[in-house]
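Asks: Residues per chain are reported as follows:
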Amino acid sequence: MSEAMEAQDAAAGEGGETKHMNMIEAINSALDCMLAKDDDVILLGEDIGYFGGVFRCTAGLQEKYGKTRVFDTPISECGIIGVAVGMGAYGLRPVPEIQFADYIYPGLDQLISEAARLRYRSAGEFIAPMTVRSPFGGGIFGGQTHSQSPEAIFTHVAGLKTVIPATPYDAKGLLISCIEDNDPVIFFEPKRIYNGPFDGYYDRPAKNWKGREDAQVPEGYYSIPLGKARTVTEGDQLTILAYGTMVHVAEAVCREKGVEAEILDLRTLVPLDIEAIEASVERTGRCLIVHEATRTSGFGAELSALVTERCFYHLEAPVERVTGFDTPYPHSLEWAYFPGPVRIGEAIDKILQD
Amino acid sequence: MAKATDRAAGDKGSNRPKLALHVPEPRYRPGDTVDFSHLGITEPGAQPRPDETAEARETYPLCDDLIRVLGDDDKAHGPWDPRLDADTLRRMLREMALVRAFDNRMYRAQRQGKTSFYMKCTGEEATSVCATHALAGDDMIFPSYRQQGCLIARGYELTEMVNQIYSNKGDKLKGRQLPIMYCSKRLSFFSISGNLATQLPQATGFAMASASKGDSRIAATWVGEGSTAEGDFHSALTFATVYNAPVIFNVINNQWAISSFSGFAGAERATFAARAIGYGMAGLRVDGNDPLAVYAAERWAADRARSNGGPTLIEHFTYRAEGHSTSDDPSQYRSAEERGEWTLGDPVMRLKDHLIALGEWSEEQQEAQDAELDDMVKAAMKEGEKNGILGHGLHHPFATMFEDVFEELPWHLEEQSEQAIREREIKFPEGLKK
Ligand SMILES: Cc1ncc(C[n+]2csc(CCOP(=O)(O)OP(=O)(O)O)c2C)c(N)n1
Chain A
1 MSEAMEAQDA
11 AAGEGGETKH
21 MNMIEAINSA
31 LDCMLAKDDD
41 VILLGEDIGY
51 FGGVFRCTAG
61 LQEKYGKTRV
71 FDTPISECGI
81 IGVAVGMGAY
91 GLRPVPEIQF
101 ADYIYPGLDQ
111 LISEAARLRY
121 RSAGEFIAPM
131 TVRSPFGGGI
141 FGGQTHSQSP
151 EAIFTHVAGL
161 KTVIPATPYD
171 AKGLLISCIE
181 DNDPVIFFEP
191 KRIYNGPFDG
201 YYDRPAKNWK
211 GREDAQVPEG
221 YYSIPLGKAR
231 TVTEGDQLTI
241 LAYGTMVHVA
251 EAVCREKGVE
261 AEILDLRTLV
271 PLDIEAIEAS
281 VERTGRCLIV
291 HEATRTSGFG
301 AELSALVTER
311 CFYHLEAPVE
321 RVTGFDTPYP
331 HSLEWAYFPG
341 PVRIGEAIDK
351 ILQD
Chain B
1 MAKATDRAAG
11 DKGSNRPKLA
21 LHVPEPRYRP
31 GDTVDFSHLG
41 ITEPGAQPRP
51 DETAEARETY
61 PLCDDLIRVL
71 GDDDKAHGPW
81 DPRLDADTLR
91 RMLREMALVR
101 AFDNRMYRAQ
111 RQGKTSFYMK
121 CTGEEATSVC
131 ATHALAGDDM
141 IFPSYRQQGC
151 LIARGYELTE
161 MVNQIYSNKG
171 DKLKGRQLPI
181 MYCSKRLSFF
191 SISGNLATQL
201 PQATGFAMAS
211 ASKGDSRIAA
221 TWVGEGSTAE
231 GDFHSALTFA
241 TVYNAPVIFN
251 VINNQWAISS
261 FSGFAGAERA
271 TFAARAIGYG
281 MAGLRVDGND
291 PLAVYAAERW
301 AADRARSNGG
311 PTLIEHFTYR
321 AEGHSTSDDP
331 SQYRSAEERG
341 EWTLGDPVMR
351 LKDHLIALGE
361 WSEEQQEAQD
371 AELDDMVKAA
381 MKEGEKNGIL
391 GHGLHHPFAT
401 MFEDVFEELP
411 WHLEEQSEQA
421 IREREIKFPE
431 GLKK
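Protein chains in written order, with this note's numbering: chain A, 1 to 354; chain B, 1 to 434.
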């Protein structure tokens, strides 16, 4: 970055003026900011150029930065990710978009065997500084191929970072950090909350981000460090570990039940803010883990093991997990599948009764 | 911010020529005037027809040309004329019109909130209906998501389709699949995946299995031109030629993959039919809006496969007249004129005009048939609605959510099933209303 730009940044302070943004706008703003700041940043993906992406996250960016910096790709996820590895080797910072997280699988070999290990196997001679953005999660009647939460697969791979924002403010700040990071990062965007937070009550009117503090987003550059959780609410009764859409569902359940929980929005699964988790569980003595993904071998299992290993003598009740079920995502029974308020409420009651 | 890496071998001061990145661009964007004359469409009837048992390389000129039968005079021309009788032609016309009527009604149903999603195949009806007629009834079809015409050509009950689209309690797939992701083992129609191109190696595997058992069934599979960029396409073609599998690859080149034109799948450099050449496979490029040409090409490939001549790749050159799905607005990325200006016309109209030219049909009959088909669709929708529409409570019982994950229910799914039922009881203590 040039000195002039650094000076400009400093003058803008913490990102300068703020503006109300939904999650899509915040992501767009982060990409805009990084494209302006560093001409090594380039965006690629299916339908992201002229059209601006099926969720409009890249709208207007091709027009602004030209089609060699923001461009459409063939429908080939292994191509998109493999090409990004090569671009990284050249010295660019590619930000590939995979249209839905469900479609990342054809690109897995390039991601898992190549991008994740390039630094290690070349002893640091080559790196893959890419941020793979992809909408994930259910609650939009997307059926089995537009609803999955595959984050655990990636946390299991050595060399990948996994980041999941839960608010527009975080989406921008975290995405900027990911793009600046020299390691490959998976940035999962909870698509259910692109346009507004979701409390888990599908039969109530949808909310938007209007009027919320966490949707006031600085227009300029700012970043949120990876590996730092966010305390959503403070409380002594129990600790709830969540990320993405489930942060909002957990918050709503606690509010409605009058439970004083300390809700931690993990924000990044790898690297994980273990200090914040330990400090909170040691204080409350109870821990609930909530995620949308299927239960068996989900990231909740890892969190549960960590909490048990590190906080065992502080625990007053067994660690509980609330998750999606171990079935593919069902189209018509989506709301019976989704870990909603009832499932979370039951688990909270169970933890508190002991 | 630190640079990601030092530039590799950056000899920047040299006077070597500067490289440039090419990013394809479609000819027309919103607001542009459209002219399709560059397509260089050749005369109907002018394309040679090699014998079905010919060497693959004899088909290679046809990978660049375009097999056409129906001329501007509405008559059939040349060696590819399949010489079908009037009854078969009328049946194909009826089924194509039925697909269109069904699409129109179901599209509206989605807009009315009766389901979550729908995909039309307007303008592409021949590529599924007529191709299916060229196959045997038990040949296995591995479809993509725009081949409702294959099911209709095999006589699938419209109500079954409606039930699937509404994910209601009559849905044979138990409400698990996205609307339009049908499946019918009885009609040899494989389950549709939302993950593009995965059906191609599967079709090849089915064909290999059939060959290894000395069976007579062949496999046919459909894929969009955009999806030919997926690795699965290339794996499938490799296996198919290595083992001479009796499989037909139908590439539906409808020019657009959501907002990306065919150039992003490589169309600027070669036709999709020409992909066959590199594999040593037979390839045909067909006017996909010409029902007779589609039938003839598919029949040629089916006969070839059935006589152990091996696989064929057919590019159906057509146009996606409507949006990609109910989630997309084509006016955002392509000229509104494109649809009207498409030089190869409309498959339904072309077959209708052909039958009229033969003296086997009339405008009045067409009109009456359209009305009849629309009534049929409406009746099927009513029937389906009795079983419920999406999100209105008339779905399969919650316990079914845990069935079919495995053949038998393991302990953890049983526990989860109990959890799901308990949740409903907590939410609706007086019992489920619907
Ligand atoms: C593996 C995978 N990647 C991306 C998608 C998202 N997607 C759905 S349809 C589509 C376009 C497909 O275009 P094409 O193959 O030309 O078929 P068409 O829709 O034009 O019939 C894309 C990118 C997907 N379904 N699966």
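Honestly, the hints are just simulated from the structure, not real lab data.
Possibly wrong hints are sitting among the right ones.
Below are the EDC-like pairs computed for lysine to aspartate or glutamate, each with C-alpha atoms no more than 20 Å apart in a straight line [as the list claims (entries may be wrong)]:
{"hint": "1", "chain 1": "B", "residue 1": "Lys427", "chain 2": "A", "residue 2": "Asp349"}
{"hint": "2", "chain 1": "A", "residue 1": "Lys64", "chain 2": "B", "residue 2": "Glu423"}
{"hint": "3", "chain 1": "A", "residue 1": "Lys19", "chain 2": "A", "residue 2": "Glu219"}
{"hint": "4", "chain 1": "A", "residue 1": "Lys67", "chain 2": "B", "residue 2": "Glu25"}
{"hint": "5", "chain 1": "B", "residue 1": "Lys427", "chain 2": "A", "residue 2": "Glu219"}
Not close to chain A: a few residues of chain B, all C-beta gaps over 10 Å, as computed [claimed, not checked]:
{"hint": "6", "residue": "Asn15"}
{"hint": "7", "residue": "Arg27"}
{"hint": "8", "residue": "Pro50"}
{"hint": "9", "residue": "Ser188"}
{"hint": "10", "residue": "Ile258"}
{"hint": "11", "residue": "Asp303"}
{"hint": "12", "residue": "Gly309"}
{"hint": "13", "residue": "Asp328"}
{"hint": "14", "residue": "Glu337"}
{"hint": "15", "residue": "Ala368"}
{"hint": "16", "residue": "Phe402"}
{"hint": "17", "residue": "Glu407"}
Cβ atoms here follow ideal geometry from the backbone N, Cα and C, with glycine treated the same way.
Asks: Against the structure, test the hints numbered earlier, and report the numbers of the ones violated in rising order.
Replies: 2, 5, 10, 13 and 16
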